[in-house]
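There are 2 protein chains.
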Amino acid sequence: MTVTSVSFEPDTPSPSPILIENVQPAVDCGRYPVKREVGDTLEVSADIFREGHDKLTAVIRYRRWDEVDWQETPMRFVDNDRWAGSFELTQNTRVIYRVQAFPDRIETWRDEIIKKRDAGLDVGLEIREGLELFEEMVERATGEDRTRFARAMDAATAASSQHEAIDALLAPSVLQAAHRNRSREGAVTSPELTVIVDRVAARFAAWYEMFPRSAGTEPGTSGTFKDVEKHLPRIRDMGFDVLYFTPIHPIGTTNRKGKNNKLNPEPDDPGVPYAIGSEEGGHDAIEPGLGTEEDFRHLVKQAEEHGLEIALDIAFQASPDHPWTKEHPEWFHIRPDGSIKYAENPPKKYEDIYPINFQNPDWQGLWNELKRVIQHWIDLGVKSFRVDNPHTKPTPFWEWLITEVHRDHPEVIFLSEAFTRPKVMKALAKAGYAQSYSYFTWRNFKQEIMEYLVELTQTDVKEYMRANFFPNTHDILPYILQEGGRPAFKFRLVLAGTLSSVYGIYSGYELCENTPVSGKEEYLNSEKYEYKVWDWDRPGNITDYVATFNRIRREHPALQEYDNLSFLRANNDNVLLYIKALPEEGRYAMVAVNLDPFQPHESEIEIPHHILGTDRTDQIRATELFTGESFIWQGTSESLYLDPDQNPAMIFDLRVWEHKDYEEPCF
Amino acid sequence: MTVTSVSFEPDTPSPSPILIENVQPAVDCGRYPVKREVGDTLEVSADIFREGHDKLTAVIRYRRWDEVDWQETPMRFVDNDRWAGSFELTQNTRVIYRVQAFPDRIETWRDEIIKKRDAGLDVGLEIREGLELFEEMVERATGEDRTRFARAMDAATAASSQHEAIDALLAPSVLQAAHRNRSREGAVTSPELTVIVDRVAARFAAWYEMFPRSAGTEPGTSGTFKDVEKHLPRIRDMGFDVLYFTPIHPIGTTNRKGKNNKLNPEPDDPGVPYAIGSEEGGHDAIEPGLGTEEDFRHLVKQAEEHGLEIALDIAFQASPDHPWTKEHPEWFHIRPDGSIKYAENPPKKYEDIYPINFQNPDWQGLWNELKRVIQHWIDLGVKSFRVDNPHTKPTPFWEWLITEVHRDHPEVIFLSEAFTRPKVMKALAKAGYAQSYSYFTWRNFKQEIMEYLVELTQTDVKEYMRANFFPNTHDILPYILQEGGRPAFKFRLVLAGTLSSVYGIYSGYELCENTPVSGKEEYLNSEKYEYKVWDWDRPGNITDYVATFNRIRREHPALQEYDNLSFLRANNDNVLLYIKALPEEGRYAMVAVNLDPFQPHESEIEIPHHILGTDRTDQIRATELFTGESFIWQGTSESLYLDPDQNPAMIFDLRVWEHKDYEEPCF
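Sequence order for the protein chains is H and P. Numbering-wise (my numbering), the first sequence opens with residue 1 and increments by one. Numbering-wise (my numbering), the second sequence opens with residue 1 and increments by one.
FYI, nobody ran anything at the bench for these hints, they're computed from the structure. Keep in mind it's a predicted model, so treat the numbers as computed, not measured. Some hints could be false.
Not the full set, but computed from the structure, chain H residues with beta-carbon under 10 Å of chain P [stated by the list, open to error]:
1. PRO13
2. PRO17
3. LEU19
4. GLU21
5. PRO25
6. GLU112
7. ILE114
8. ARG372
9. PHE397
10. LYS430
Pairwise CB distance ranges (calculated) [as the list claims (entries may be wrong)]:
11. P:ARG31 with H:GLY143: 38 to 44 Å
12. P:PHE77 with H:SER86: 39 to 45 Å
13. P:PHE445 with H:VAL454: 31 to 37 Å
14. P:GLU43 with H:THR515: 50 to 56 Å
15. P:THR189 with H:GLY143: 49 to 55 Å
Once the Cα atoms are required to be at most 20 Å apart in a straight line, the calculated SDA-like pairs of lysine to any residue come out as [unchecked claim]:
16. H:LYS383 with H:GLU294
17. H:LYS520 with H:ARG538
18. P:LYS326 with P:PRO355
19. H:LYS341 with P:ARG117
20. P:LYS348 with H:ASP118
21. P:LYS115 with H:ASN345
22. H:LYS348 with P:HIS53
23. H:LYS341 with P:LYS348
24. P:LYS348 with H:ASP54
Beta carbons are placed, not taken as given, at the ideal position from N, Cα and C, and that holds for glycine.
So here's chain H without its partners, still in its complex pose:
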């Protein structure tokens, strides 16, 4: 029974005894990046251990994705073999990070010699072992450290007692130098992880969607970019940050749709902006009715001066008249008769739209052209893109596109307009989308809102997905707004902008526009199919409410974070109560919403001592931010009355009233 020895690679060092497991944060085992924003601190933790009781040391190593030199920061032992450390994310870029751990022979030796010395044992051999460690370090060290080691070794060798020798080797300055120069033999490094460091607007912003062609004043004609400029003060006064336009490209004429999606349009029907491309150009061109490229540049600049940035709607599909259909028919799905396949959801046909074939033989040419389109608009000043139906295009394409765009333009924010199956929506977020549309649009009641928000903000999903909450879109007029009217428009606004730190509305929301196509969650006489002129001061508008609400968001830092949400107890099932907390700054925003648009409700609400770090004997100053009224709260609960017509939602700034026994007067 002879045994065959295992053949190892000759001269390889022994495998390191150290294990690094469960490095966090990480998405799908590191397959996808996590997301943070400039100014954040990235907390990194891992299980790190080895056999026995020898000491180890761990560090985080990190670098910008476009640089080669690693920076390093120490990790500290937390408990139960968990280590943690952190570093600041100061730049809008991507950062690679990994954990490195190595046997710490210096600390192992120090621990042993001190325990033995303290037990009164002879440590002659341990001193010699220490000197061997120092000899190795002298080899590596330079400058002062080298001198410091040499002196310490001389002193230890010449010492008249073991205690004196130990003191020489373990003097604080020597030990610090030893930590700097200790061997990393046996180091283990975890695989690379990536964090996308977006600009803060990826997390905190209020979006306002409009059809630029609806900016005019003359019925039946196209509003222009110049007309849009006149709206900038109004939009800015409402407190929005991002002004997002539905597509601005030339609209095809073949199979054009008429008003209310009719198949046979009138000659002057302007068509659907999503039927992109005509003889006037494709995705890099501008519909002539809106103005020129120069007008667009001017508008972008004007918007910027009003504190607004322009976001463009990107719909990667073509009308039958798009230049690509002539220049690159191979980019589409070609049928056996040589025709291009139009969009279908059998038996429904969308003959004005050709979907793109992302797997066509010239996929490389196509993908580069789509990247060029994005770059074209970046060059014209656009930094945010709302992407139409990304879930009908391959996710790997988006991962490629966003990564490539971020190489030169990390500031670009992509918003995924995917209303589809949950895992597909999440996959798009993992692929790099900074923001995502969400199911918020249809989450109306207490339990379903809580469950969804816990999933979004309290599970791993928060690491990669930022849900941009839209209570309406040009395609969706939810029943709650149809049925609930003005009170619903108010509280859905508050829910969107406080449950999430990033939210948006589709214009007309401030007018409480809610006339549906009968029985559907769609707008009647939708702007998608016609030119519209709006009276922005029409009765029943909630423009002032929107402005006040956005001011509250801007002034309260706790409302500007995404994952700092906790739900609180309210004993009425129609009343939703939650708090957004920034304990490090002592700032807390508590929100109470009556989810019933029809009836007033009273509720006992919990005073959230476990969040505030207080107890029932403390005084809390609660200031309602819509009215400015203040209250002193004590004990465990308060009672609130929420009337749909008066105050469907209340937002309280909570401050702990500090107890002081006595303060020395300053004279």
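Please build the complex by placing chain P on the supplied structure of chain H, with the hints as guidance.
Relative to chain H, chain P alone:
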């Protein structure tokens, strides 16, 4: 503003649009194998999806780790983009598995053409697209399938109507052939995962630990392997499967320990079996007092005939007299004076033990020698090894060793004797240990037992760790046994052997031996330090109880599974109630234990209808397996009375009394 196009690899196909995520089961993202046993079915699931609505197909591919050809089994769509499939684990080996998915152009086409046909649309182009798909498949197909396609295409081409053409192409036999021959273009395959398929004994066995030198009858002299043979019937009658010996190697004399761990032994003290190695040999030798290698072989064979297998204790450490200390001093830690470092936990010294240096420069020679030691005992018939203190040796060494041993000997079971920090214990299990010692030894009360067992059997831990529950070991005499006496010995046995499917006791347990070193959880006059002679029939023994209990385990299949445990409600905090369920076989074992060794307790216990699939109107036949008494239970609860002196634990076989309206008599 020129844009640089991204350079792709020329002529590469477009990235597949399919994503495969979260393949389960997997341990640490696939870094470590999962564990199952021969006869199990491995259920594999994954999130698999692509953009849009095109169809995809998914399969599991698997192969033995030592074979190259993959086998394949289909996955089925479950819901929410989750797919699942399974295959049988028929051999004691390791199996590699992965998930593969590919766009299903056949099903996509079929779905489209049928929807359009059913909507009464013209499908002339769709038929031509189908024919193109079939032309591709004809290229790939052979034999009958090829003929079948050719005939179907001819029929479709010659058809007098579109309906007829569709029927020709979608005939069931043609469609089945199409599924066999469909293109895998765009296939995506998940990374490889591994399952260790252990033999069933890894999951279901009862271990019995003994010092073979205590098998004799003459005080002060060593029992022998021949003496052990006389105990085989007794041990087998108690119902054990594995007879595990503390180390059987020659014991060093240098710094030998005397009785009760005294530093200065008497001349005739036999030493500690863990101080391995003397002039008589090392880890591949046998202590002469026990007998010869031939005796050992004979014993292994005799044990086998009694249905017992021998497990050996492997302690990779050396006495100062071990041959390695002369032949390979470099395998140890050498001090500056040339001496070998002995084991220490400062200020404690273990001068009779030299730990091994697994990172020494000749680590390759060392590791191969340790593998040779294991192989030596495998060659002598040993298939199970209880490994002493594996947590003081590098985990990567164990991963290497176990993997290498399993290449030729997948039947070998390693039991990790690690009582240490939780993550280290888990890491050893992940590295390949089939079984692990656990904290069960110190989990005595209801809440702590429930929490620990939920962690072990209801979380991911169950994928890689099988806890072998020992109520005592030769090093640990827990307070519950010291204080609780005979009732505690009984119910701790039942807990060990029903909470886990694999458990063991250290001999003397059946005698309720519980004399401690005062104030410690250690045995007084431990066998570790001296020759012992036992009276196996001494009064107060629970040998019959042990035998009955092991018979119950053997007869009830639900007690032979590891992760089929559910805790049930009992309204008395001293009464633990749980059930082990095998619903596919209709077998259920319910266990009630009075955790208080001093006082009887009565408890209302839940009748577990949610597990049995019954309701309060059903009749359950409950048979208590220690007494054989049967009861009919109805309603939602019953009352049990558990008396420490009579019935500290009850095990019920539960059977649902089937309701039959009428049965045709068989004449």
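Tested hints:
1. With its C-beta approaching chain P no nearer than about 8 Å, PRO13 of chain H sits inside the 10 Å limit, and its interface hint holds.
2. Restraint check, PRO17 of chain H versus chain P: the minimum CB separation of about 4 Å is within 10 Å; hint holds.
3. Interface restraint check for LEU19 of chain H: the shortest CB-CB distance to chain P comes to about 6 Å, inside 10 Å, so the restraint holds.
4. Contact between GLU21 of chain H and chain P, as hinted, is supported at the beta carbon level, the nearest pair being about 6 Å apart and thus within 10 Å.
5. Annotation: PRO25 of chain H was flagged as interfacial toward chain P, and the flag is violated, the nearest CB pair being 14 Å apart, outside 10 Å.
6. The criterion of a C-beta within 10 Å of any C-beta in chain P is met by GLU112 of chain H, whose closest approach is roughly 6 Å, and the hint holds.
7. Given hint, ILE114 of chain H at the interface with chain P, holds; its Cβ is 9 Å from that chain's nearest Cβ, closer than 10 Å.
8. This hint holds: ARG372 of chain H has a C-beta 5 Å from the nearest C-beta of chain P, less than the 10 Å allowed.
9. Contact between PHE397 of chain H and chain P, as hinted, is supported at the beta carbon level, the nearest pair being about 8 Å apart and thus within 10 Å.
10. Because the beta carbon of LYS430 of chain H sits about 9 Å from the nearest beta carbon in chain P, less than 10 Å, this interface hint is met.
11. Look at ARG31 of chain P against GLY143 of chain H: about 41 Å separates their beta carbons, and that is inside 38 to 44 Å.
12. Taking the beta carbon of each, PHE77 of chain P and SER86 of chain H are about 42 Å apart, inside 39 to 45 Å as hinted.
13. Checked against the given bound of 31 to 37 Å, the beta carbons of PHE445 of chain P and VAL454 of chain H, roughly 32 Å apart, stay inside it.
14. For the pair GLU43 of chain P and THR515 of chain H, the supplied restraint of 50 to 56 Å holds, since their beta-carbon distance comes to about 52 Å.
15. Evaluation of the 49 to 55 Å hint for THR189 of chain P and GLY143 of chain H yields a pass: the beta carbon distance comes to about 53 Å.
16. Under the criterion of a C-alpha separation no larger than 20 Å, the hint pairing LYS383 of chain H with GLU294 of chain H is consistent with the structure, at around 17 Å.
17. The suggested pairing of LYS520 of chain H with ARG538 of chain H is violated, with an alpha-carbon distance near 25 Å, which exceeds 20 Å.
18. Taken as a hint, the LYS326 of chain P and PRO355 of chain P pair is honoured in the structure, with Cα atoms around 15 Å apart against an allowance of 20 Å.
19. Pair hint LYS341 of chain H plus ARG117 of chain P holds up; C-alpha atoms about 17 Å apart against a cutoff of 20 Å.
20. For the given pair, LYS348 of chain P sits about 13 Å from ASP118 of chain H by alpha-carbon distance, which is consistent with the 20 Å threshold.
21. About 9 Å separates the Cα atoms of LYS115 of chain P and ASN345 of chain H, which keeps this hinted pair within 20 Å; it holds.
22. Between LYS348 of chain H and HIS53 of chain P the CA atoms are separated by roughly 14 Å; this keeps the pair inside 20 Å, and the hint holds.
23. With a C-alpha separation of about 82 Å, the suggested pairing of LYS341 of chain H with LYS348 of chain P is violated against the 20 Å cut-off.
24. At roughly 16 Å between alpha-carbon atoms, LYS348 of chain P and ASP54 of chain H fall within 20 Å of each other, so this suggested pair holds.
In this structure, the earlier hints numbered 5, 17 and 23 are contradicted, and the remaining ones agree with it.
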